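Produce the complete structure using the sequences and hints provided.
In order, the protein sequences belong to chains X and L.
If you're matching positions, the first sequence starts at 1 in my numbering and goes up one per residue.
If you're matching positions, the second sequence starts at 1 in my numbering and goes up one per residue.
Careful: at least some of the hints might be erroneous.
Said to hold, decoys possible - Straight-line distance between alpha carbons at most 25 Å, and here's what the computed SDA-like set of lysine to any residue pairs gives:
no. : chain 1 : residue 1 : chain 2 : residue 2
1   : L       : 123       : L       : 84
2   : X       : 60        : L       : 114
3   : X       : 63        : L       : 84
4   : X       : 84        : L       : 118
5   : X       : 74        : L       : 53
6   : L       : 123       : X       : 19
7   : X       : 60        : X       : 33
8   : L       : 68        : X       : 23
9   : X       : 60        : L       : 68
10  : X       : 71        : L       : 114
Said to hold, decoys possible - FRET-style restraints, in silico, Cβ to Cβ:
no. : chain 1 : residue 1 : chain 2 : residue 2 : range
11  : L       : 130       : X       : 24        : 19 to 29 Å
12  : L       : 131       : X       : 77        : 35 to 45 Å
13  : X       : 100       : L       : 56        : 29 to 39 Å
14  : X       : 85        : L       : 85        : 36 to 46 Å
Since the hints were made in silico from the structure, they are not lab data.
Remember, predicted model here, so these are calculated numbers, not experimental data.
C-beta: ideal position from N, C-alpha, C; glycine also.
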Amino acid sequence: MGIFGDLFSKKEKPRTGFSNVRSGGSSTAPTPGVPAPEPSATSMITGRTYVVVSGDSLSKIAKREYGDAQKWPKIYEANRNIIKDPDLIYPGQELRIPEA
Amino acid sequence: MKMHQYARVVVSLLLAVALFGCSASRPAVQTGVTVTDIDVGRSVTADKTIAERTDSFQSTDTFYVSVKTDGPGPSATLTARWTYQDGQVVDESTQNIAPTGSAATVTEFHLSKPDGWPAGGYKVEVLLNGTSAGTRDFKVT
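Quick look at the structure:
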């Protein structure tokens, strides 16, 4: 009884939930079967990317990235193609963060 | 009896030669691509390199791993396998690349969790064509 009790208690070890993680990736290398793109002005854009998480706002991201929440329009302008309303950003959105 | 033992030794030797001979002559994965650097951080630049390198993350951070590869190859598969402290697989992502020139290429993988990461130790293992190319440990505080 004691032995079985020990076995079952080990099996019931709780697992941490990671069902809602969001993953992605990209490469500077071409994908097999797809020719490498010609260098263009758009590929010269500098900056970094940031994936929005729950609780983020543009001003919070600006504060974190630039040390100044008032610089949020810089991020908004760089991401006008995906942000329709600067008060509405969604977890999982990939924002380009321009150089300060 | 002695003859049987001799025959057994000869057969064993032949089997060993056959096995090791085959594995030694079997070509490895035919690609000139090698992983030369693996970095972890909380953001990447446009050229996929880590902008902010760290091994200590906040629960709301996005994890990034940047993998630098050298050498050309018609097709190579890079995999990032993220695990939590007890070995629990958090996520596994794959990117197929076909580096054409001799210049280094960089591939990034990222992972976020909208409701925040549990504190603890994490590990990301990078695999090239299914073979481990390196691991990086980091933590969430």
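- So which of those numbered hints doesn't the model satisfy? 3, 4, 7, 9, 13
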